[in-house]
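There are 6 protein chains.
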Amino acid sequence: MSDATFSHLDETGTARMVDVGHKPVQRRVACAEGFVYCAAATVEALRAQALPKGDVLAVARIAGILAAKRCDELIPLCHSLPLDSVDVEFFIEAEAVRIRTTARTTAKTGVEMEALTAASVAALTIYDMCKAVDKGMTIGGIRVTEKRKE
Amino acid sequence: MSDATFSHLDETGTARMVDVGHKPVQRRVACAEGFVYCAAATVEALRAQALPKGDVLAVARIAGILAAKRCDELIPLCHSLPLDSVDVEFFIEAEAVRIRTTARTTAKTGVEMEALTAASVAALTIYDMCKAVDKGMTIGGIRVTEKRKE
Amino acid sequence: MSDATFSHLDETGTARMVDVGHKPVQRRVACAEGFVYCAAATVEALRAQALPKGDVLAVARIAGILAAKRCDELIPLCHSLPLDSVDVEFFIEAEAVRIRTTARTTAKTGVEMEALTAASVAALTIYDMCKAVDKGMTIGGIRVTEKRKE
Amino acid sequence: MSDATFSHLDETGTARMVDVGHKPVQRRVACAEGFVYCAAATVEALRAQALPKGDVLAVARIAGILAAKRCDELIPLCHSLPLDSVDVEFFIEAEAVRIRTTARTTAKTGVEMEALTAASVAALTIYDMCKAVDKGMTIGGIRVTEKRKE
Amino acid sequence: MSDATFSHLDETGTARMVDVGHKPVQRRVACAEGFVYCAAATVEALRAQALPKGDVLAVARIAGILAAKRCDELIPLCHSLPLDSVDVEFFIEAEAVRIRTTARTTAKTGVEMEALTAASVAALTIYDMCKAVDKGMTIGGIRVTEKRKE
Amino acid sequence: MSDATFSHLDETGTARMVDVGHKPVQRRVACAEGFVYCAAATVEALRAQALPKGDVLAVARIAGILAAKRCDELIPLCHSLPLDSVDVEFFIEAEAVRIRTTARTTAKTGVEMEALTAASVAALTIYDMCKAVDKGMTIGGIRVTEKRKE
Chain F
220 MSDATFSHLD ETGTARMVDV GHKPVQRRVA CAEGFVYCAA ATVEALRAQA LPKGDVLAVA
280 RIAGILAAKR CDELIPLCHS LPLDSVDVEF FIEAEAVRIR TTARTTAKTG VEMEALTAAS
340 VAALTIYDMC KAVDKGMTIG GIRVTEKRKE
Chain E
220 MSDATFSHLD ETGTARMVDV GHKPVQRRVA CAEGFVYCAA ATVEALRAQA LPKGDVLAVA
280 RIAGILAAKR CDELIPLCHS LPLDSVDVEF FIEAEAVRIR TTARTTAKTG VEMEALTAAS
340 VAALTIYDMC KAVDKGMTIG GIRVTEKRKE
Chain S
220 MSDATFSHLD ETGTARMVDV GHKPVQRRVA CAEGFVYCAA ATVEALRAQA LPKGDVLAVA
280 RIAGILAAKR CDELIPLCHS LPLDSVDVEF FIEAEAVRIR TTARTTAKTG VEMEALTAAS
340 VAALTIYDMC KAVDKGMTIG GIRVTEKRKE
Chain X
220 MSDATFSHLD ETGTARMVDV GHKPVQRRVA CAEGFVYCAA ATVEALRAQA LPKGDVLAVA
280 RIAGILAAKR CDELIPLCHS LPLDSVDVEF FIEAEAVRIR TTARTTAKTG VEMEALTAAS
340 VAALTIYDMC KAVDKGMTIG GIRVTEKRKE
Chain H
220 MSDATFSHLD ETGTARMVDV GHKPVQRRVA CAEGFVYCAA ATVEALRAQA LPKGDVLAVA
280 RIAGILAAKR CDELIPLCHS LPLDSVDVEF FIEAEAVRIR TTARTTAKTG VEMEALTAAS
340 VAALTIYDMC KAVDKGMTIG GIRVTEKRKE
Chain R
220 MSDATFSHLD ETGTARMVDV GHKPVQRRVA CAEGFVYCAA ATVEALRAQA LPKGDVLAVA
280 RIAGILAAKR CDELIPLCHS LPLDSVDVEF FIEAEAVRIR TTARTTAKTG VEMEALTAAS
340 VAALTIYDMC KAVDKGMTIG GIRVTEKRKE
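Each protein sequence line maps, in turn, to chains F, E, S, X, H and R.
The numbers in the first sequence follow the working numbering, run straight up by one, and end at 369.
The numbers in the second sequence follow the working numbering, run straight up by one, and end at 369.
The numbers in the third sequence follow the working numbering, run straight up by one, and end at 369.
The numbers in the fourth sequence follow the working numbering, run straight up by one, and end at 369.
The numbers in the fifth sequence follow the working numbering, run straight up by one, and end at 369.
The numbers in the sixth sequence follow the working numbering, run straight up by one, and end at 369.
Don't read these hints as lab results, they were simulated from the structure.
The reader is advised that the hints may include incorrect statements.
The list treats identical chains as one, so a pair stands whether inside a single copy or across any two.
Simulated crosslink set (SDA-like; lysine to any residue; CA at most 20 Å straight-line) [unchecked claim]:
id, residue 1, residue 2
1, Lys354, Ser226
2, Lys327, Glu314
3, Lys327, Val262
4, Lys327, Val239
5, Lys327, Lys366
6, Lys327, Ser304
7, Lys354, Ala313
8, Lys366, Cys250
9, Lys354, Thr364
10, Lys354, Thr328
11, Lys368, Arg317
12, Lys242, Asp229
13, Lys368, Val239
14, Lys242, Lys327
15, Lys327, Glu369
16, Lys366, Gln245
17, Lys366, Val239
18, Lys366, Ala351
19, Lys368, Thr231
20, Lys354, Arg367
21, Lys354, Ala259
22, Lys368, Pro243
23, Lys327, Val244
24, Lys327, Thr357
25, Lys368, Cys250
26, Lys368, Val248
All chains, full assembly: derive it from the sequences and hints.
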């Protein structure tokens, strides 16, 4: 298993940005998901809160969208991409808030890091808003669920 | 279960920053952890890579430290805190890279969001560097492991 | 009328940050307001939208809070201040959305620029969300309504 | 008047970035204006200051240009656009400084928010530099004056 | 020698962004270099440190890459460019660390400022990491070594 | 020569932020300088430009001040400091523009990186504005000239 495994490393093990200059500009879409696992009481409060009047999920959605747009500042070897759109959706489940994100671009490289970053920062924002009452939350299940060209 | 559950919401369900003006300036420490679950071959490559010459974990460490310092830009209702220090450590385990972070401040409010943000962004950075060879990674187990005043 | 009129200019007319090193750390509060003047139909839609389920005002609130925290990056000669809190409130009036902001700090210099920046960016965000249907909006009346030490 | 009024809201009232992936890349121009209304003495000082040697308007111009380039970070649902240019001009009038901005891009969506943001932040910067001597300033008249494709 | 000397100034001496809207999108490459001149003992320590296990140069590399991606935020009249890649290399010489950077884009304007910014910030980062033991370092020799279209 | 040479590395060669939590809050000042070496014709143009009406040096001054305030975002292991003030001065010499910067804080750690960053970014900004006519400029002589507690 050589260093060639890592596209972000050259043959001496040094970090680099992959040169995407010769890749085609193409519509690219990536979806990710993530979960904030929390206590039943927190789920209940979120459910009551989320509909109809609360700001909790709106705040988390905006945080996720803004983070996706700044992904290249957060992840050192990511390219700056003009995003066509970012969606952040929430589903309040039995023991967690599930987050589903979609990032779209028309560019030379894919947007899974943008989708994952949106999910992570949305999750952190929910955590921040619930941490006063629920000390045992965990964020997990952050993964890419789909990646395609259109 | 009323809206009062959420310290970041006022009585009408509106998001707000909690006023920390009257809290004491104090040394505050928070530790968090997180995991990048990956294939055995990826763990193996990281192990070979990490020591002695590779940049993978150094890049992720810097990404985590920088993200902790910008936590207030990412998480909308977080306060801007002058961090005394941020540590990001990695442990290559059988099926995952474990990340352990520590944030310290001398300020009016705690730093668990900074520690969690460092862990999340370090995890995303590892994901980014390994994604070319491992399509099935998941980030999880992000939680606060300790929070104290000194 | 000499250049001494402008505290941000030295005697040669050169821009500078005022040295606040010897000013006392004190609790300081500033309030500002601003208006997005829009068509009656837009006001009506916002009223219907704002309560109970829409995200428009929540998005603008978050944008205002985040901008206040980054005031020192936007306004070149502003000092970086740790904000104790930022509030952004909206009032849907007959021909406008009125925005009222409050910024609080415990620091060496006042926070009226933070309050004004929050009002301005909240107004721009409302403008952005309504511009598809209302081409004649104007943002105005942005001013400091109160400034005090506590 | 339904939620469909707001292009940034989906049918459930949830905020979203509009997907611009299928819009044509085109040269797009937008102009905006804004005013800092101030006391006659302040206008006089600015006039003396502005020509020939002072930095006041230069600082405000740079602040406006920089803010236009970061519009997508400030306005949550704005797209990241590569600006071809941004101009910020000032006209010292009887009771105000008038600000005129022009933003140009070759992209999939318009730049009125960039032009408005440049005007707003330039106005805030002038306010900041004059606030020591003029406590009664108001920022207003911020609106789009022209929007076209070329 | 007229003001026309400066492409960033109009005929009245006012700063402006050059309008690049009508320039062709093209692959553009720029290389720069810079030096951190330091004591022999520091060079020795860096040499021992750099290989095989230390993070010093990895940290400086990441800082340089990140700064290149944010060049438009740092240099007021620079355009926002989507970088295809950024390389930052280090050579430990007798009395200095030499830094060589390469920036590549496919855009309407060149990337020498991005290459120079990467070199400058990488140099500052090395300085930061060595300053505890070497009080006499100087950063210099920052210049463009190559600029071409492909 | 051990790794202990580098305060930013722990005993295993891993980068870290130094914990400044137990250092005293104190007034701290640092001065730095830097040079943009350029052709005689460029010096001449700058001299004509700088006085009385041009924006070149004003733009560079603002860029330097803004960069000093964001030093902690650029230099990965730097602490976030509330700057009391930043000054950026220019001296047009025979073969160069000399830049002199002063940063002041009341904090737990020194500000030489802020002063150096201001000098570097001011120099890059001058370079950017002159590069259309002078292809042979070099930035150098960036060093700390004074560091003290008050």
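- Query: Where does the structure disagree with the numbered hints, that is, which hint numbers, in rising order?
  - Reply: Violated hints: 2, 3, 11, 19 and 24; rest satisfied.
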